[in-house]
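Chain A is fixed; fit chain B onto it per the hints.
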Amino acid sequence: METMMAYVVGVLFAAGIYMMLRRSIVKLVIGLIILSNAANLLIFVVSGLTRGAPPLIPDGANEVVGAVADPLPQALILTAIVIAFSVLAFAVVLIRRAYEVVGTDDLDKMKDTDT
Amino acid sequence: MNPELVLPILIPLTAGALSLAFWRSVRLQRMLAVIATGLLLGSGVWLMRSTIEQGFLVAEMGSWPAPFSIVLVSDMLGAIMIVLTGIIGLAIAIYSLASTPRGHEKFGYYPLMHLLLAGVAGAFLTGDIFNLFVWFEVMLLASFALLTLGGERAQMEGAIKYVTLNLFSSAIFLSAVGLLYGMVGTLNMADIAQKLNSVEDPGMVTVVSLMFMMSFGIKAAAFPLFFWLPASYHTPQVAVSALFAGLLTKVGVYALYRVFTLIFTQDVAYTHTILLWAAALTMLTGVLGAAAQFEFRRILSFHIVSQIGYMLLGLALFTPLALIGGVFYIMHHIIVKTNLFLVSGITYRLLGSYELKDLGGVYRQRPYLALLFLIPALSLAGIPPLSGFFAKFIVVRASLEASEYVITAIALLVGLLTLYSMIKIWAEVFWKKVPEHVADVSRLNGDVKDKHNWAYYVPVVGLAMCTLIIGLYGQPVYVLAETAANQLMNPQLYIEAVLGGQSK
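As they're listed, the protein sequences go chains A and B.
Everything in the first sequence is counted per the working numbering, starting at 6 for the first residue and increasing by one.
Everything in the second sequence is counted per the working numbering, starting at 272 for the first residue and increasing by one.
Next up, chain A with everything else stripped away, as it sits in the complex (with noise of 0.2 Å):
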């Protein structure tokens, strides 16, 4: 399971990268998005997969009992979901008025900052 899933990451960041490398602005946002789930996937499978284990405590226990999965990677996951979410809003944005501004999505024809 686990090395399937290491391959699944894999594959999301080379696609990601390439995503990335293209010269719409879309794309380059698309590429993004496909990085930051990369990476929350690559954080949910390095600490370990767990199945059928949820990390509660037996009512009135006062440790864990048996085999529970770490709870403290969803919550890493769960925190890099809201950010990259509202990094998201502003990139779609950006890329709206960007296009606006610029007329064209073609990331080759905004030069104009580069030296």
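Treat the hints with caution; some may be incorrect.
Keeping only pairs whose Cα atoms sit at most 25 Å apart, straight-line, the calculated SDA-like set for lysine to any residue is [unchecked claim]: (1) K116/A <-> V106/A; (2) K466/B <-> A74/A; (3) K466/B <-> D75/A; (4) K114/A <-> Q564/B; (5) K377/B <-> Y104/A; (6) K466/B <-> P60/A; (7) K114/A <-> T435/B; (8) K116/A <-> V98/A; (9) K32/A <-> K432/B; (10) K432/B <-> D113/A; (11) K377/B <-> A94/A; (12) K114/A <-> S29/A; (13) K432/B <-> I100/A; (14) K116/A <-> A562/B.
Computed Cβ-Cβ distance ranges for the label pairs, DEER-style [as the list claims (entries may be wrong)]: (15) E471/B <-> L54/A: 19 to 25 Å; (16) R620/B <-> D110/A: 32 to 38 Å; (17) M6/A <-> E672/B: 49 to 55 Å; (18) V478/B <-> Y23/A: 20 to 26 Å; (19) K466/B <-> A80/A: 18 to 24 Å; (20) V13/A <-> L684/B: 44 to 50 Å; (21) M6/A <-> R424/B: 47 to 53 Å.
In case anyone wonders, no lab produced these hints; they're calculated from the structure.
Note that beta-carbon positions come from the ideal geometry of N, C-alpha and C, so glycine has one too.
Only chain B this time, still in chain A's reference frame:
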């Protein structure tokens, strides 16, 4: 629980929220900006004093013991950075009173500025690697919005590059944090540092350390990851440029200092050699890029890149003296670079252009302004007795002691080239006659009298004074940098300060 440890984050956050509440009243927001950044500076000084007295300050959030809770830690380096954040914040807030266009103020300029400062202060104080990521994002989101405020074509183009590269760097950072957590099962930086030494696969540690180096390298604009900086930093209005130039890249440098002195010291021969060459090439490419430019703020932007190289050099050599030099360089550079951008804003207001070929004759009209430019410019080039001289001197001496002669030669050459491009600005903007094709000379001759005229000059004079003080009374500042470097060289102190709280 030390209140001064939390205040540098709480003050800008509260001020940001209050500014949002006063959305309709620009006057209240302006007042609040100056008061809050003044308080931030005050709390920074307080924090510095307590840090000098007590060594390390540690606050555990939610009263959980250290490795489980999120901790705020202040060591000397963190305290220095917080004080500098306060100084720059105050200078920018005052300068903004005069320079920020009405439209920007109405669209949330001040709340964004406060949130940016909160993010920066949080990044300097946190002792938790994931929280470092979160504060980075707080800072980045505010900076994205500040960068695009105004919505001109150049800003949009610059912002797309800036946003893309920074998000890419965040993705690498997040992945690296995930891999690190998978290896050691903790996020507390002190705890990570302790547990990484017993990881069975040292090769993996090096891989993760390189991921961190890449991510922070992008944020710090190190070679070869700096191209977004000269493409975007000159596009927003000048107070924003100055704020970014002073603080944002230095957060990346700070993160590199923190991570590569505390956590990743296992394979110094490998990682710090990479840093060393990155530093050398950063210095060289930055200054050569600046030499090719003929636009005021672009020259300054390229110089940020080249000066980052000196700071990285201090870290890469990894000797006590080199770290002192690096910390000293950070202090000097934040103040000087912000000041140069602010001066460029004043000349823009006088002559209406940033292109060197359209500028001229400022010395004849405003000799004091010319002097105010010369102080930071010569300091940047490393002329004694200004602050830059000591910063460069310590770094160069450290690289000589480490027998890195090639690097020393590069550092000295870059100093010369810096002087060249500063003199280029001086000659073009201040010394030469007003070019004939510039029609509107009357703008310079007639006194441009808007209200809040003083607000342009107070921060510039104040920052120039800071430069002079660091230069003329270098010893106390040197002692601060020395304490910071000592703490960085002995990560055990940091680990004990953070994790020693368990027994309390």
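So, going through the hints one by one against the coordinates:
1. K116/A <-> V106/A: Given pair K116/A, V106/A holds - Cα atoms ~14 Å apart, limit 25 Å.
2. K466/B <-> A74/A: Satisfied, since the Cα-Cα distance of roughly 21 Å is no more than 25 Å.
3. K466/B <-> D75/A: holds, 18 Å
4. K114/A <-> Q564/B: Judged against 25 Å, a Cα distance of about 21 Å means the pair holds.
5. K377/B <-> Y104/A: holds, 24 Å
6. K466/B <-> P60/A: holds, 24 Å
7. K114/A <-> T435/B: holds, 16 Å
8. K116/A <-> V98/A: holds, 20 Å
9. K32/A <-> K432/B: Holds - the C-alpha atoms of K432/B and K32/A are around 14 Å apart, at most 25 Å.
10. K432/B <-> D113/A: The given pair, whose Cα atoms are some 12 Å apart, holds under the 25 Å limit.
11. K377/B <-> A94/A: holds, 21 Å
12. K114/A <-> S29/A: holds, 10 Å
13. K432/B <-> I100/A: holds, 11 Å
14. K116/A <-> A562/B: The given pair, whose Cα atoms are some 20 Å apart, holds under the 25 Å limit.
15. E471/B <-> L54/A: 19 to 25 Å: Since the Cβ atoms of E471/B and L54/A sit about 21 Å apart, the hinted range of 19 to 25 Å holds.
16. R620/B <-> D110/A: 32 to 38 Å: holds, 35 Å
17. M6/A <-> E672/B: 49 to 55 Å: The hinted range 49 to 55 Å holds for M6/A and E672/B, with Cβ atoms some 54 Å apart.
18. V478/B <-> Y23/A: 20 to 26 Å: holds, 22 Å
19. K466/B <-> A80/A: 18 to 24 Å: holds, 20 Å
20. V13/A <-> L684/B: 44 to 50 Å: holds, 49 Å
21. M6/A <-> R424/B: 47 to 53 Å: Holds: the Cβ-Cβ distance is about 50 Å, inside 47 to 53 Å.
This entry satisfies every hint, going by the numbered hints stated previously.
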